[in-house]
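> Listed below are the residues making up each chain.
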Amino acid sequence: MGDVTQLLERARGGDAAAWDQVVALIYDDLRRIARGVLGGPGGATFDATGLVHECYLRLSRAGADGVLNRQHFLALAARAMRQLMLNHARDRIAAKRGGGAAQVTLGEADAAADAQAEQLIALDQLLERLASEDARLAKVVECRVFAGLNEQEAAEAMDLPLRTLQRLYADARARLAELLAE
Amino acid sequence: MTNAPPSPLDLLEPGALLAGPLARSLAAALDRGERLPPGTRLGPFRIEGELGAGGMGVVYRAERADGEFAQSVALKCVARHGGDRGDAMFVRERQILAGLRHPNIARLLDGGRTADGRLWFAMEHVDGARIDLHARTQALGIDERLRLLTEVADAVGFAHGRLLVHRDIEPANVLVDGDGRAKLLDFGIATLAGDDGAARAYSPAWASPEQIAGEDVGPASDQFQLGRLLDALLRADSKSTTGSTETRVLSGDTRPVDGDGGGGSNANGIALDPQCWLPVPVARRAELADIVRRSTARRPADRYGSVTEFADDLRRWLARQPVQAHAGGIAYTLRCAVRRHPLVTLGTVLAGLGLVAVIATFSIRLATERDHARAAATRAERETATAQAINQFLREDLIRAADPYGENAGDIPIGTLIEKAIPRVKERLARQPEVAGEVYLTLGRTLLNLGRTEPAAAALDLAVEQLGQALGPRDVRVLGARLQRAEVDEYAARYEVLLAALEQLRADAAVLGESHVLVLQIDRARAWQAYIVGDFERAATGFADVRERAAGNPALGDNDRAIIEGGLSLALSRLSRFPEALAAADTALRLRTAALGPEHPETLAVGFQRTTALVGLERVDEAVATLDDLHRRFKARFGDNHAQTIIAAHELGVNLGRLERYAEAVAPLREAVQAKSAVFGAATGTTMNSMAQLALVELRSGDPDAAARTVAAIWAGGYSARNDYDRRSEANLRRMMGELALAQGDPARALADCRLAREGAARYMPPGHFAILQADACLALAEFSRAPTPPSRATLIDVRTALATRPHTVNWLERIDRALTRGPTAL
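If you're matching them up, the sequences are chains A and B in order.
Numbering of the first sequence is given in the working numbering, commencing with residue 1 and proceeding in unit increments.
Numbering of the second sequence is given in the working numbering, commencing with residue 1001 and proceeding in unit increments.
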């Protein structure tokens, strides 16, 4: 946990590499927690927010209290969730193209998941372009879409007034639509 | 179906990604990451291999390995959700599920927890195909498909009767075995594994609107899923059940299908397109579409009252009878059910419990909705917690006593169950006094409806206490609870206590204003109290006053207004203001019909107010026709021992007697006596009253021996008058005994009884009442029989003259004439 603390310090100081490393660490933890929380009967809804909060609690219990700022953590976790979903989407598409081993399929559910996987990969590319124009806009989308944060939570995670966040999110959507149309 | 290719921006919609199929697939993939290798032991079972895997985790084939006996099971291993309920709770619920035995439900055999905390369930292994695939590969006709679905619905209804909800009905959970029998899998697994028992555990693609909204999920949610399954089975190609329809459900988009798709939308979660269905004649297809629409209505309240009703409608369709999908009145059905209470069998106990749960949840939701101050999120949480606590209370403390596989198997009256469970409410809801109060209120009302006044009083006292603790003593809901508590004293005939309680309540509620609904209800109760104690002037004034103030308050419903008019009508009848009484009864009838429909028991009951006025107007023939009709309807609906049936039987007998149709009057009065003895006890005033009337018609129909036996039975039962109503009835009894004594040739005893009758009638009847004249007639006959002197002869002739001016007095006149012409012995 020690390195998380240090990395967080550096990430807060604006160190982009440290940021990425924290995300990677959180990613692993999310995966571990998700296994215990998800995959319930009938595949319960994906309670990303609950997941993120539990992940935060574990980290803070592990001694990152003073350093780990909950708001920043939410933004980090959103990034990790995005990565988690994206990797899974890529796995699915790879499997569909024959790369995967014999997978027991459910037919309908799989078709729907594959369709969303394609959508997500496309969205991810749009977000990359958006981030290169304005990183804040991409982050807002991450918080709302991937961590399932509501407007208030997202505003806290990004240290923004609620009105600003609402405006940024609207801007992000508008810009994404333009990028898609190009 | 032509759709625009999905846009990546669709994922920006709330829930589209995290509640969607990709997230579900991720969850499953994470879960699959930890498969159990063959040979793993879970409880008494050993994993043999995998049967399949998918969205819900991995299903293994397992064998019993403890050497007890050979058993092959399907074993499912699922992750546990966030929250943590005690293991003891899990074990108890699992036991209840294990007791769920139905030919169309795959039984839960065992369950437990793996070393790493995941839950496992061993289920009856069903070797079969998914219902939709089976229908397609076997090319089943529409009737065969519906029959399969009816089996499933019956199984679900059976479980609902035991307060168990499936929550996750979808094609993958319904298999058809080698014998062509539908088997529902995973019953209760969603509940067992879900942390809050409510919203989370379900397949998003098949979720009901309330599941998607994260609201409380009950039997109506299962019905929604059955409706969707029906739609899926009706499609020529089951594959088309997914795709655009599901996406719409998930994204909350409920716009109707565009274009000319015959069915269109039903303002609910599914976009119906009967054009895709297997071929059915158009008219029958429309009926089927109505069934699907009704069962999948967006609002649970718009669906069928129960899954059983849904199944019944399917059966009607199969039998080519008209379906009920159009008919409304779920609330009516519920209300009828709650009245059908006496001599409860296990089945009705369970139905009753379900009803308590429905009512409790409903009333709490209403109360919560009034509470604008709290945020919506808190509200949802509280509702879930509430529903959970109540369900736990019902399941643990009530239903276990009625468990057919438990120790107490057999018929237990619902009242006994509730009484036993009452002490547990506080334990269960210790930290939620408001909820505890509402539960006490519901249980108290139920007990009162069941005629258990003392336990009802205790429960309602607790309701007042708990609600007062939560809301403060002057809260309108606390005052409302006090009103209900006061009503118990009416049922228990403690009229002075009732009056004191109502006066105090009126004073405390005065701040609400003169036309507040609760204040009007309190005043109505005060007027009714006056009526019961025989203060008809105060009653009439009170009702008229409430009526006037109620006119200015549109918040007061037609039903409340009808009760006021009905009370006014009765009071006016007692004051012999019959034309006004009839007018008020007619108004009550109109209001009831508008509020509840013409066939509703409450509407029918207004018939009593009308007949009272009609009798007063001496239109007894009309009254008898109405009563005969009411008696038959109530008897068919509620059975012999229901209050309404009893009143109808008694009034019918009495009025047939008034028409001097004595022989016909015997049967309904005997029925009334029997029922009253069973319900109220033999030694009560009301039973005595019916017995007195019975003895009278027995005597007049020429059977003095039967009459003598009936009279003997009254006194043998230990009857003694307790209030003015009793004393009024006793005047009738004395007159009847006087007539009997005359018939038995004992003028001395007849005279004594007739004097008592005359005294009582003069005291308790309004001046000019027919009962007084009859007492006079009886007294005159007795005097004349004992001593046929000129003065007693003159008195008798005077009475005869008075009687001759009234209708239906032939019997009296004949008896008097016999005495006058042939001497006293001719009686």
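Hints in this document: simulated from the structure, not taken from any laboratory.
Do not rely on the hints blindly, as some may be mistaken.
[What the hints assert, rightly or not] Simulated coverage check for chain A against chain B, where a stretch passes if three residues somewhere in it have a Cβ under 8 angstroms from a Cβ of chain B: (1) 134 to 143; (2) 155 to 163.
[Unchecked claim] Some chain A residues flagged as far from chain B (calculated, every beta-carbon gap over 10 angstroms): (3) ALA94; (4) GLN166; (5) ASP171; (6) ARG173; (7) LEU176; (8) GLU182.
[Said to hold, decoys possible] Ranges between beta-carbon positions, derived for each pair: (9) ASN87/A / ARG1101/B: 58 to 68 angstroms; (10) GLN1275/B / ASP91/A: 54 to 64 angstroms; (11) ASP91/A / GLY1557/B: 55 to 65 angstroms; (12) GLY1214/B / THR164/A: 36 to 46 angstroms.
In this text, a Cβ means the ideal position worked out from N, Cα and C, and glycines have one as well.
> List, from low to high, the hint numbers that the structure doesn't satisfy.
Of the numbered hints, 1, 2, 6, 7, 9, 10 and 12 do not hold.
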